[in-house]
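**Q** For the protein sequence lines, the chains are A and B, in the order given.
Numbers 0 to 288, taken from numbering that gives the first Met the number 0, label the letters of the first sequence in order.
Numbers 0 to 288, taken from numbering that gives the first Met the number 0, label the letters of the second sequence in order.
For the record, the hints were derived by calculation from the structure and aren't laboratory data.
Each statement offered as a hint is correct.
Partial chain B-side listing against chain A, Cβ under 10 Å, derived: (1) R24; (2) S54; (3) N70; (4) L275.
With a cut-off of at most 27 Å between alpha-carbon atoms, the simulated DSS-like pairs for lysine-lysine come out as follows: (5) A/K183 / A/K198; (6) B/K27 / A/K141; (7) B/K284 / A/K151; (8) B/K65 / A/K66; (9) A/K151 / A/K193.
Note that CB positions come from ideal geometry on N, CA and C, so glycine has one too.
There are 2 protein chains.
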Amino acid sequence: MERYDIIIIGTGPAGVSAAITATIRNKKIMLIGSKDLSSKIAQGHTIENYPGLPSIAGADFGNALKKHLENLNISIHEDRVSAVYSMGDYFSVQVGQDMIEADSVILATGVVAGKPINGESELVGRGVSYCATCDAPLYRGKDVIVIGYSQKEEEEARFLSEVTNSVTYFQVYKGETHLPESIKIVQSRPSEIKHVGDKNIVVDAEGNTYEADGIFVLRDAISPGQLVPGLKTEGAHIVVDRNMATSINGCFACGDIVGLPYQYIKSAGEGNIAALSAVGYIDKKRLAK
Amino acid sequence: MERYDIIIIGTGPAGVSAAITATIRNKKIMLIGSKDLSSKIAQGHTIENYPGLPSIAGADFGNALKKHLENLNISIHEDRVSAVYSMGDYFSVQVGQDMIEADSVILATGVVAGKPINGESELVGRGVSYCATCDAPLYRGKDVIVIGYSQKEEEEARFLSEVTNSVTYFQVYKGETHLPESIKIVQSRPSEIKHVGDKNIVVDAEGNTYEADGIFVLRDAISPGQLVPGLKTEGAHIVVDRNMATSINGCFACGDIVGLPYQYIKSAGEGNIAALSAVGYIDKKRLAK
Numbered sequence: 000m001e002r003y004d005i006i007i008i009g010t011g012p013a014g015v016s017a018a019i020t021a022t023i024r025n026k027k028i029m030l031i032g033s034k035d036l037s038s039k040i041a042q043g044h045t046i047e048n049y050p051g052l053p054s055i056a057g058a059d060f061g062n063a064l065k066k067h068l069e070n071l072n073i074s075i076h077e078d079r080v081s082a083v084y085s086m087g088d089y090f091s092v093q094v095g096q097d098m099i100e101a102d103s104v105i106l107a108t109g110v111v112a113g114k115p116i117n118g119e120s121e122l123v124g125r126g127v128s129y130c131a132t133c134d135a136p137l138y139r140g141k142d143v144i145v146i147g148y149s150q151k152e153e154e155e156a157r158f159l160s161e162v163t164n165s166v167t168y169f170q171v172y173k174g175e176t177h178l179p180e181s182i183k184i185v186q187s188r189p190s191e192i193k194h195v196g197d198k199n200i201v202v203d204a205e206g207n208t209y210e211a212d213g214i215f216v217l218r219d220a221i222s223p224g225q226l227v228p229g230l231k232t233e234g235a236h237i238v239v240d241r242n243m244a245t246s247i248n249g250c251f252a253c254g255d256i257v258g259l260p261y262q263y264i265k266s267a268g269e270g271n272i273a274a275l276s277a278v279g280y281i282d283k284k285r286l287a288k
Numbered sequence: 000m001e002r003y004d005i006i007i008i009g010t011g012p013a014g015v016s017a018a019i020t021a022t023i024r025n026k027k028i029m030l031i032g033s034k035d036l037s038s039k040i041a042q043g044h045t046i047e048n049y050p051g052l053p054s055i056a057g058a059d060f061g062n063a064l065k066k067h068l069e070n071l072n073i074s075i076h077e078d079r080v081s082a083v084y085s086m087g088d089y090f091s092v093q094v095g096q097d098m099i100e101a102d103s104v105i106l107a108t109g110v111v112a113g114k115p116i117n118g119e120s121e122l123v124g125r126g127v128s129y130c131a132t133c134d135a136p137l138y139r140g141k142d143v144i145v146i147g148y149s150q151k152e153e154e155e156a157r158f159l160s161e162v163t164n165s166v167t168y169f170q171v172y173k174g175e176t177h178l179p180e181s182i183k184i185v186q187s188r189p190s191e192i193k194h195v196g197d198k199n200i201v202v203d204a205e206g207n208t209y210e211a212d213g214i215f216v217l218r219d220a221i222s223p224g225q226l227v228p229g230l231k232t233e234g235a236h237i238v239v240d241r242n243m244a245t246s247i248n249g250c251f252a253c254g255d256i257v258g259l260p261y262q263y264i265k266s267a268g269e270g271n272i273a274a275l276s277a278v279g280y281i282d283k284k285r286l287a288k
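With the rest of the complex left out, here is chain A:
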């Protein structure tokens, strides 16, 4: 059976970065994910803070990553990974119907947003955004709705209130909020997002409607490490050290799955570290034999 040095799961900026660096370091890799890379990238608005690529459209950024992979002859294996088993000295990964072996695994699966709100997925990039830092400039002087699934999203709402004309904040969690008075707080649950005319509308559980130019859906809900039995997680994220090593020997992780901030450049940087850590792990293991 064919054996890989490193299986990299995920084709967002973290996985792509890991694949690039591992390939340059002469490792035999399998990169598993979507040939379109990440739907979040493709549909995303302009990215302002990926150094060296000023104000790049999401689609253009995706194409730049694809071109980089092509230049290095890295292909993407498009299939579903359903389990990653540590066998002690190596990993056995269920890819589609096959079990594939590798010395090391890099998890770069991104955060899986829980159940989307009705209409949410359809409107991503057309009024619905997941990133205040990225997209706030689009709504300068306009009205936005923030749907916050945890307290830490209040910081994002505060930032948006500095930039926009008004912020309406859906508090989709319990407890107190600490928000400026200028922000209108709604405590009912959003049940639908829709687009009417040139406005976006959130309908809540009681049927009330709220209108805005843009809607920020800020959540953190994922099921991390479900893939890898025994992996240590913390809330939605995989626990890693500064070398991107997880609790399982030879298994590394990077990108949104290891925690905030959810930023492309942060993910790409971590992908690089994870790849070099995996390379070091493999080299050390082989040397010991």
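Go by the hints and put chain B onto chain A.
**A** Same frame as chain A, now just chain B:
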């Protein structure tokens, strides 16, 4: 006095990335470093693993970063930072002749080229100085030695020659020098600095000795422990957690200075994290008031 939200020290990929994200997050920043960004980048070979910029020449990468800063109207303040003091609630940073205040500081100074010269660390402030602008007045009419690690230090030597009685210049790099004839140039490598009687002595690799009243050691980065009193370090690196927080509240660090791997994309990713951590720190601090 003008007060900044964040002072960012260093204009490699880490500092540039931090500046970009902090600016997008509406913070008032001062970015201190070289207008040429990093000599390492400009002189560097082709970069193969910065995702999205396949096979980019070092100089082109530098220009892409410069363009990104320009697009966001971020200017570079070109001056030497000689000390960063935590004042509890804010920072006081010695920039050239001025003390500048900020709520938060991000250290992105890169790694110090090589080890300090034997005896150097022991004599800082007692004959050894890192800042010509700051300490030249102490040596009016006296004899000084300048140990210059890059061509741009020649300007400091010229300035010192206008103030002091004599300047002896150790050229610790290749290429031509452009210095007035009054400056004596030494091309051997300094191996030790010591204090004998009321004189300071530099011993070179061949065992020759050079005597002066003051010794200026001018290199791109000074060691982090010397820059920021009380900062926890480990070898040549600053100790940080996964949020890029150092041992000093409100002080963050990113890039080569926090450890291996020394990779542009890793540094850029960490700069982003450091900026967002600083933003969070400032917002939280202001909310508590």
